[in-house]
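Following the hints, put chain D with the ligands in place on chain P, whose structure we already have.
In order, the protein sequence lines correspond to chains P and D. With numbering that gives the first Met the number 0, letter number 183 in the first sequence gets 182, and the count goes up by one each step, no holes. With numbering that gives the first Met the number 0, letter number 280 in the second sequence gets 279, and the count goes up by one each step, no holes.
In case anyone wonders, no lab produced these hints; they're calculated from the structure. Check the hints yourself; a few may be wrong.
[As the list claims (entries may be wrong)] Facing chain D, a subset of chain P residues (Cβ under 8 Å, in silico):
hint, residue
1, ALA49
2, PHE51
3, ALA53
4, ILE73
5, GLU77
6, LEU81
7, PHE85
8, ALA89
9, HIS93
10, PHE102
11, GLY103
12, ALA106
13, LYS107
14, LEU154
15, GLU155
What you are looking at is a predicted structure, and each value in this text was computed from that prediction instead of being measured. Note that the Cβ used here is the ideal one computed from N, Cα and C, for glycine as well.
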Amino acid sequence: MKIVHLDSVSKLYSGEKILDDVSLEIDEGERITILGPSGCGKTTILRLIAGFIAPDAGFISIAGSVVAQAGEIIKLPEQRHLGMVFQDLALWPHLSVAGNIEFGLKAKGLARTERQRQIRKVLDLVGMLGFADRRPAELSGGQQQRVALARALALEPKVLLMDEPLSSLDLDLNIRLRQEILGLQRKLGFTLLYVTHDRDEAFAIASRVVLMSKGTVEYDGAVEDAIRQFKG
Amino acid sequence: MARRACLGLTVILLFMIGTLPILSMLMKSVVVDGHLSLASYGGLLVSSHQWILMGHSMILSSLVTALTTAIGVPLGILLGKTDLPFRRFFRVLFVVPLLIPPYIIAVSWLDLLGSEGLLAQLLGTAVIRATAPMLFGLPGCVIVLFSVFLPIPMLLTMVFLRTINPRLEEAGRLVSGWRGVMQEITIPLILPGVLLSAMLVFLLSFGEFSVPNFLRYDVFPVESFTQFSAFYNFKAATAAAVPLAAITMVLLLVEGVFLRDRTYQLRPSPGLDGQALIGLGARRRGLLLLVAIIGLVVVFVPVVVLVIQSAGLTAYVEALSRAGDSLLRSLIYAVIGASLLTVLGFFTGYLIQTKAFRFWRSVDSMTIFLFALPSTVIGIGLITLWNTPWTNFIYSTPWIIIFGYLAKYTALTSRISVTQFAQIPPSMEEAAQIAGARWFRRMVFIVAPLARRGLLAGWLVGYIFSLRDTGITMLVYPAGHETLPIRIFTLMANGSPELIAALCMVMIAATLLPPGVLWMVSDMRKKAVIG
Ligand SMILES: Nc1ncnc2c1ncn2[C@@H]1O[C@H](COP(=O)(O)OP(=O)(O)OP(=O)(O)O)[C@@H](O)[C@H]1O
Ligand SMILES: [Mg+2]
Chain P
0 MKIVHLDSVS KLYSGEKILD DVSLEIDEGE RITILGPSGC GKTTILRLIA
50 GFIAPDAGFI SIAGSVVAQA GEIIKLPEQR HLGMVFQDLA LWPHLSVAGN
100 IEFGLKAKGL ARTERQRQIR KVLDLVGMLG FADRRPAELS GGQQQRVALA
150 RALALEPKVL LMDEPLSSLD LDLNIRLRQE ILGLQRKLGF TLLYVTHDRD
200 EAFAIASRVV LMSKGTVEYD GAVEDAIRQF KG
Chain D
0 MARRACLGLT VILLFMIGTL PILSMLMKSV VVDGHLSLAS YGGLLVSSHQ
50 WILMGHSMIL SSLVTALTTA IGVPLGILLG KTDLPFRRFF RVLFVVPLLI
100 PPYIIAVSWL DLLGSEGLLA QLLGTAVIRA TAPMLFGLPG CVIVLFSVFL
150 PIPMLLTMVF LRTINPRLEE AGRLVSGWRG VMQEITIPLI LPGVLLSAML
200 VFLLSFGEFS VPNFLRYDVF PVESFTQFSA FYNFKAATAA AVPLAAITMV
250 LLLVEGVFLR DRTYQLRPSP GLDGQALIGL GARRRGLLLL VAIIGLVVVF
300 VPVVVLVIQS AGLTAYVEAL SRAGDSLLRS LIYAVIGASL LTVLGFFTGY
350 LIQTKAFRFW RSVDSMTIFL FALPSTVIGI GLITLWNTPW TNFIYSTPWI
400 IIFGYLAKYT ALTSRISVTQ FAQIPPSMEE AAQIAGARWF RRMVFIVAPL
450 ARRGLLAGWL VGYIFSLRDT GITMLVYPAG HETLPIRIFT LMANGSPELI
500 AALCMVMIAA TLLPPGVLWM VSDMRKKAVI G
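Bound-form chain D, shown alone:
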């Protein structure tokens, strides 16, 4: 009973927080003055302006997807399967851009290459005049989003590589070199992962609007945002959000048909410990150089530029005095968001893994859909549903921001839980059941402790994504409740580059705080065990 009640509650919560806003948004967009009408859509997709925006969105997402896949997959193979030196360091390095709000990378590039940037100061403005225009518009957006989303194909490639039974490759090695094994065995086996990552990158860059907005490249999600925030035309904003939802839906249906059964549950293959790494031999140095250059450009330079730009105490003092309150809020909301996401993801993952309801697959699809949905759509949905006199206790409080986190990011913690549960034999819980323990006791004392690594990973991912959220928060935050990414975003219009750089550094520090603490604690424990 407790089990059904708790899991049922989880589903209802997900529905209320995630699905209902989207549905109510759809409903309201087709009802005008109490009648069914498509009037709100009147202006949509008939003006050439809209089509241009849509075209921009498509071009940007396609380019970013192609580029990240072409480089991220080989990178994942190099870092996950070969004897490349420093591969552990690179694994961490390349993930950094994914952890911070994407526009921070854009800020950094502007600080370096802009007409008043570091290079201009160093080499004179004449040299830089050629590069500055490149930074704005499509090329700049592609470069920034490429560095932000490169970790996705890289990580997914590494994860899928770990699910391959090494025996399959060894069997191939007996008759062929690594090149043949890669082509004929390994790559085909990780293909679902590659396609999944390509789709994710496409959808995420399609929905991203802070970077195009900052680098002045007009894309479709910006339209929804401007209609809402500049013209207060809620109907038009909604109508512009609907095509985004439709495109997301179509892509996910395609994924569902072709990939779902192969990607929703990933377990590391047994026998990985004895797995042989591919020896790179003579190519080791060349490849190391190549990876180092990519790392330098994509991660190292942007971060170092921010460090240089913000150097000195004054910038940080000003940063904390102007944004100290939003930093504190950000930390609190992110901790609350991460904790709730962990709990919600635990139960959602559990109901998916145990197929507790006949509609478990729909629950999974729903969370994935919400994750892939552009933030503007979720934001507008939340406003439609909660902005009523009766629900002001949610709408005018930070809870609306937390709701946004839960709606968008539950897929992450739920998938992490599913992966973790898949590694726990069902007999663990069954043995507890035979011993007379009711469901809740089994969850608390057996399942949760066994899943603790997944729970911790889920919490960290939940924290990072809540902290860096810009899209939803921007739309829904109540007056006086700005988070740090929002404050930075609004200060960017008139703040000095030093201040912005310092704020970006503060943001990075806040992101790395919990993983850093965790790393130190586990390091101390290790030392305590040895000493």
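Only chain P is shown next, with the shape it has when bound in the complex:
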């Protein structure tokens, strides 16, 4: 079954077509990177899947049920059970690391002991166990990155959306975190939709690459084919 399906989706902003008839089928467990130059509509695709905006034409379904169609959001973001790491991370500055992770667990109505267990589990996953009581501002860029990842994984989503999460880091850290994300995906088996404008990053993470340009899909294929075609 397709876990995420975009069916001929278009999106307009003030009359201009930002996405033009984009179709995308994503299988469970795939690692897809969306690659393309600035302004081609990558973030817009993620925001459509997350449910922050509605398409102007076409359908979007998640796990077999339609969540949005032309001009209408059928399922709100909070009902879609997705994980997302934002480009600016969006860590809540007034909450501790643990508080950031706990927020979604509370909203879900988990009991206190259950929440504590889950917080420890995801912090352990990203190697941040000792930092539960820190505020986001007291962490380095890479550590903030890991907390954002832990927060997104706390509710054990089937799909994880990431919008250029590493673009603000230096190359060394960028490469190290790629490997960690890859490791986590292999371990937990979630479907990964990863947006970047960096080719190396895209090829390192993906099992499948979607190349976009000016609101349309230019290329969509396995990473090996993509490398053969676009590298060299």
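Same frame as chain P, now just chain D with the ligands:
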């Protein structure tokens, strides 16, 4: 769903409390004995008396606007952008007159310069005979309203200066001195703020009636008030209120066309920390002296006069015995008003910032319109709508006063919220949404805590403006529910100057109470962190 319901309720509440009274007032003024008729307007603007009043209003507001702008904008630049010594102190000092009811400044000047004032006692009445007449009429009104509204251009200039990206000025500095940069870059960039403040000052002085009433200068809003309170001629009062509403409307439309998109959302520019201040160099001392003199005249002298005049325990004992009950009421109503204004402003600001409804702009304009509208108009509107046998549970209770606060001052808390929300990245709320939180939970645990500084500022502004409100309360307060400004206003006719001065001091103390407590708490916290 919860989001639409809550924001929808906010709009309905604003409409019921603010817009509906004005509409019903308009309706009733054109219906006479069940027929459409302009009879109520018959006497209006045909008598030369009315035209004189209108002329007075125009002259007074124009003079006050010109004077406050000419001095307030340079003052704002000096205090916001240069290395003037003691600028932080002056920023606080100059705001004081805006915080208290305007007529208190008038009382103070009268205590100083009046024929029985302090100076007369000191120098003999002969000297003072020349100055006393100046105090009444136009000159006195201009001086008092000038000191009351001077903070508006000053503060708005400072706020708009903070929205300029310092890089823009630095780029100019590479090729020109500060004078050129100011003229060619800075001033043009803050021009919308200057125009906005000029318009605000014009409208606020246009609608002000307690000062002209006290200093015996007949202006148009006084007409509406006298028709209502002295002659009980409600139709005439309404008809006199309508031109005020019309003028407000026209000015705001002009503002809407030229300025709105540039003034409704202000964010401090990034990179302000490293901003260089203009070095005043050799002119530093001269300018300091000038600013100090203005501060002395506009703020320091009026306050000190009240302190001297009220000195001694007896005046305060009498003040508390004669007005203790209204002081208590004032505090309670102001706290309730401020809290409701904060909540209403939060949701209104949120719906404006997120453009939650297609008509978000109208909501914004509506609150601004109500803020700019003379208090008498709002008061008369509230009476028209609520003074019915079925709505007496509102009209004959303090709720009508609270309604007045909400109608007039929501613009303040809503704009403060908008400014605050503009600094919170939308991803903060989106992340909460992705985490599965419904709207209300997102508001309570994410958005409100992130906006807490704005909420606090909104509460303080709401408190101060509710506490100092005179215009609306004067018209709508139910018997036995006078607030302190009203009690002072009525006592002014026959109370001793000592008593009035003491009451004014009590009023100032009540105003400064919450900001003072807040300042102490934050100071203690800071010390606790250091210690
Ligand atoms: N809220 C909006 N209103 C109007 N236009 C928008 C809005 N959001 C995005 N756009 C436009 O849509 C286009 C695609 O934006 P999008 O953010 O999806 O690009 P992107 O591929 O993520 O770019 P980047 O790599 O710079 O993040 C851009 O031209 C942008 O200007
Ligand atoms: Mg993007």
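Query - Residue hint P:ALA89, partner chain D, criterion CB-CB below 8 Å - result: For P:ALA89, the interface hint holds, since the closest Cβ of chain D sits about 4 Å away, which is under 8 Å.
Query - Interface hint status, P:PHE102 versus chain D (Cβ within 8 Å) - result: Hint on P:PHE102: holds, closest Cβ of chain D at ~6 Å, below 8 Å.
Query raised in the report: Can P:GLY103 be said to touch chain D, with a Cβ gap under 8 Å?
Result: holds, 3 Å
Report task. Using 8 Å as the Cβ threshold, decide whether P:PHE85 counts as touching chain D. Result -> Since chain D brings a Cβ to about 4 Å from P:PHE85, closer than 8 Å, the hint holds.
Query - Cut-off 8 Å, beta-carbon criterion: hint that P:LYS107 touches chain D - result: Where the cut-off is 8 Å and the nearest Cβ of chain D is about 6 Å from P:LYS107, the hint holds.
Requested in this report: For the hint on P:HIS93, just tell me whether its beta-carbon gets within less than 8 Å of chain D.
Outcome: holds, 5 Å
Query raised in the report: Any CB of chain D closer than 8 Å to the CB of P:ALA53?
Result: Since the shortest Cβ distance to chain D is 14 Å, the answer is violated.
Query raised in the report: Taking the least C-beta to C-beta distance, is P:GLU77 closer than 8 Å to chain D?
Result: holds, 5 Å
Query raised in the report: At a threshold of 8 Å, is the proposed contact between P:LEU154 and chain D supported by beta-carbon distances?
Result: With a closest approach of 6 Å, the P:LEU154 hint holds.
Report task. Mind checking the CB of P:ALA49 against every CB in chain D and telling me if the closest is under 8 Å? Result -> OK, holds: P:ALA49 within 8 Å of chain D, min 6 Å.
**Report entry** Hint check: 8 Å Cβ-Cβ cutoff, P:GLU155 to chain D
**Finding:** Violated: closest Cβ of chain D sits about 12 Å from P:GLU155, beyond 8 Å.
Report task. Verify the interface restraint on P:ALA106: the C-beta must sit less than 8 Å from at least one C-beta of chain D. Result -> holds, 4 Å
Hints 3, 4 and 15 from the earlier list are contradicted by this structure; the remaining hints agree with it.
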